[in-house]
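Visitor: Residues per chain, in single letters:
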Amino acid sequence: MKIAFLSESPADEAVLRVLVEGALKEQPTVASAGYRARGWPNVLQVLPAVIRHLHFNTDVDTLVVTGDSDDSPVHTAAHDAPQYYHPHCRMCQLRAVFRQTSKRFPAAHGRLRVRRVVGVAVPALEAWLLCGVEDSVNEAAWTEGQARGILPYTRAELKLKVYRTERPSLPYEIACAVREAERHRRDLRRLEYDFPGFAALLRDLQEPIPEIS
Amino acid sequence: MIASVAFRNFKALRNTSLRLSPFNLVIGANGSGKTSLIQALQQLRALAKLPLGDPATVTRAGGSEISFAFDAPHLGVIARLGCVDDAVCDLLRVESVNRADWEEVKVGLATMRSYVFDHAAMAAPAPRESGARLAGDGSNLAAVLARWQRETPAAFDQLQAELTRWLPEFTGIVVPEDAGGVVRLGLKIGDAEGPVMADNLSQGVFYVLGILVLSFDPAPPAVVCIEEIDRGIHPRMLRAVRDALYRLSYPAAMGETRAPVQVIATTHSPYLLDLFREHPEEIVITQKHGHEAHFERLADRADLAELLREGSLGDIWFSGILGGVPEES
Ligand SMILES: [Zn+2]
Chain A
0 MKIAFLSESP ADEAVLRVLV EGALKEQPTV ASAGYRARGW PNVLQVLPAV IRHLHFNTDV
60 DTLVVTGDSD DSPVHTAAHD APQYYHPHCR MCQLRAVFRQ TSKRFPAAHG RLRVRRVVGV
120 AVPALEAWLL CGVEDSVNEA AWTEGQARGI LPYTRAELKL KVYRTERPSL PYEIACAVRE
180 AERHRRDLRR LEYDFPGFAA LLRDLQEPIP EIS
Chain B
0 MIASVAFRNF KALRNTSLRL SPFNLVIGAN GSGKTSLIQA LQQLRALAKL PLGDPATVTR
60 AGGSEISFAF DAPHLGVIAR LGCVDDAVCD LLRVESVNRA DWEEVKVGLA TMRSYVFDHA
120 AMAAPAPRES GARLAGDGSN LAAVLARWQR ETPAAFDQLQ AELTRWLPEF TGIVVPEDAG
180 GVVRLGLKIG DAEGPVMADN LSQGVFYVLG ILVLSFDPAP PAVVCIEEID RGIHPRMLRA
240 VRDALYRLSY PAAMGETRAP VQVIATTHSP YLLDLFREHP EEIVITQKHG HEAHFERLAD
300 RADLAELLRE GSLGDIWFSG ILGGVPEES
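Chains as they are written, first to last, in numbering that gives the first Met the number 0: chain A, 0 to 212; chain B, 0 to 328.
Hints may contain errors.
Facing chain A, according to a computed beta carbon distance under 8 Å, are these residues of chain B, among others [what the hints assert, rightly or not]:
{"id": "1", "residue": "GLU168"}
{"id": "2", "residue": "PHE169"}
{"id": "3", "residue": "TYR245"}
{"id": "4", "residue": "PRO250"}
{"id": "5", "residue": "MET253"}
{"id": "6", "residue": "GLU255"}
{"id": "7", "residue": "ARG257"}
{"id": "8", "residue": "PHE275"}
Partial list, derived from the structure: chain A residues whose beta carbon lies under 7 Å from chain B [said to hold, decoys possible]:
{"id": "9", "residue": "ARG37"}
{"id": "10", "residue": "GLY38"}
{"id": "11", "residue": "GLN44"}
{"id": "12", "residue": "THR153"}
{"id": "13", "residue": "ARG166"}
{"id": "14", "residue": "SER168"}
{"id": "15", "residue": "LEU169"}
Derived CB-CB ranges, DEER-like [said to hold, decoys possible]:
{"id": "16", "chain 1": "B", "residue 1": "GLU176", "chain 2": "A", "residue 2": "LYS1", "range": "29 to 39 Å"}
{"id": "17", "chain 1": "A", "residue 1": "PRO72", "chain 2": "B", "residue 2": "ARG276", "range": "19 to 29 Å"}
{"id": "18", "chain 1": "A", "residue 1": "PHE55", "chain 2": "B", "residue 2": "GLY203", "range": "28 to 38 Å"}
It is worth saying that the hints were derived from the structure and are not from the lab.
All values reported here derive from a predicted model rather than from experimental measurement.
For each residue, glycine too, the CB sits at the ideal point set by N, CA and C.
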């Protein structure tokens with residue numbers, strides 16, 4: 000398996016690498032270039048080009064992409080129905096970009112398509128990092144808060160809890176984030192249960208790489 | 000240190016005021032007043048060294064005036080610059096309940112520094128004795144680093160470690176001194192080869208070194224102004240630039256115990272601006288309409304949260320929604 004990441008920062012990529020390695024129980028080969036987007040919706044804008052590049056110019060077979068949900072609608076099981084697409088759900092949007100971009104690609108480098116692995120952190124990656132440390136932080140609590148119009152926490156509060164400052168330096172941010180991700184690596188079940196946006200990423204990772212039949 | 004600045008008839012700043020934070024990133028079109036703000040601070044620093052002017056003569060009819068208020072513990076101090084024309088201010092009047100307060104403010108103002116880095120000047124050899132403090136164009140960079148290596152090796156080592164983290168192709172700094180006491184700058188690229196001397200380093204390396212000298216200064220000034228902070232630096236490295244400046248303004252966030260340094264930086268980079276999505280209170284937009292300019296704080300924009308849902312801060316600025324873009328004929 001050869002894997003590439005599209006993320007918003009080196010800290011996000013470091014977390015994703017640890018979590019993906021934990022799920023695979025092996026060290027995947029990681030494409031050397033870390034692909035970056037400048038937040039949402041820039042990730043949607045650069046994703047087609049990244050998919051195209053990986054498909055035609057590399058032997059990468061898996062692309063891992065995550066986004067923060069911020070205050071967008073949270074993906075639900077209902078969105079997984081065939082033909083369903085929620086125009087404001089970031090999971091639905093990212094999946095649609097994969098579908099539309101690679102729909103007409105001819106097979107290349109021994110595979111039909113680059114495998115799609117998509118996760119959405121609700122409302123931000125720091126919520127995943129706090130999973131198991133702060134019991135009140137989970138996707139259901141956020142979704143319920145959205146429905147009631149009273150959010151249980153803000154993104155800034157989550158970041159402050161993880162980094163203990165509003166302005167962490169990048170090396171410090173990476174160190175804090177990787178420490179929490181390592182805690183999950185040993186046992187991903189709690190993160191999978193509390194955050195369906197992460198469970199979806201795990202399910203994508205278990206799908207076979209689309210091979211030429 | 001400086002809580003606010005108000006301008007009357009100073010260049011394009013006809014009637015506007017600005018609240019300053021510990022860290023301030025100023026964006027706006029060319030010629031919209033970013034540099035005027037820094038010049039005003041330089042004028043204050045220069046005049047604060049001199050005897051105070053006669054209050055009766057400071058405010059000239061129709062003349063320019065720039066007034067400054069200060070942060071706690073100097074809330075009662077107001078300094079007013081009176082200007083001969085819209086470029087030269089030559090009188091300073093101070094309103095202070097307590098004379099000692101102004102004396103303390105003066106001490107801080109005397110340390111204020113402004114920088115517009117010039118990579119060609121920074122590459123030049125510098126006399127050993129010139130390294131007490133980085134010059135405004137960075138021209139004594141080699142001498143400053145040599146002095147740090149001699150006198151504050153811990154700061155030198157910190158800077159060197161950070162440089163090699165930013166630019167991993169280099170492994171260290173060398174500052175050889177010739178018999179005439181002139182210091183040159185070079186960067187090591189491994190043990191096998193000799194260092195790359197300044198003549199052969201790229202422009203961006205000097206800008207990075209300039210920022211790091213400010214960030215790791217063992218005796219930093221109270222206020223630092225830096226123009227075009229993103230210049231010559233790869234967009235992916237701008238987070239490191241932001242961190243280096245935050246290190247000055249928010250030392251506690253970086254585990255430092257020294258006093259905060261107020262930073263006023265200017266940029267034209269939407270990519271740098273993107274990094275301030277969570278701190279819009281640190282962004283100042285200079286707005287220019289015709290011959291008149293004024294300042295706005297991004298955080299004062301009532302619909303900011305809604306706008307940020309639609310795109311990155313840098314893209315939104317580029318679009319013109321926030322203002323601070325060149326006027327088109
Ligand atoms: Zn969805």
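Visitor: Name the hints, by number, that the structure is in violation of.
Guide: Checked against the structure, the hints that fail are numbers 1, 2, 4, 6, 7, 8, 11, 12, 16, while the rest are satisfied.
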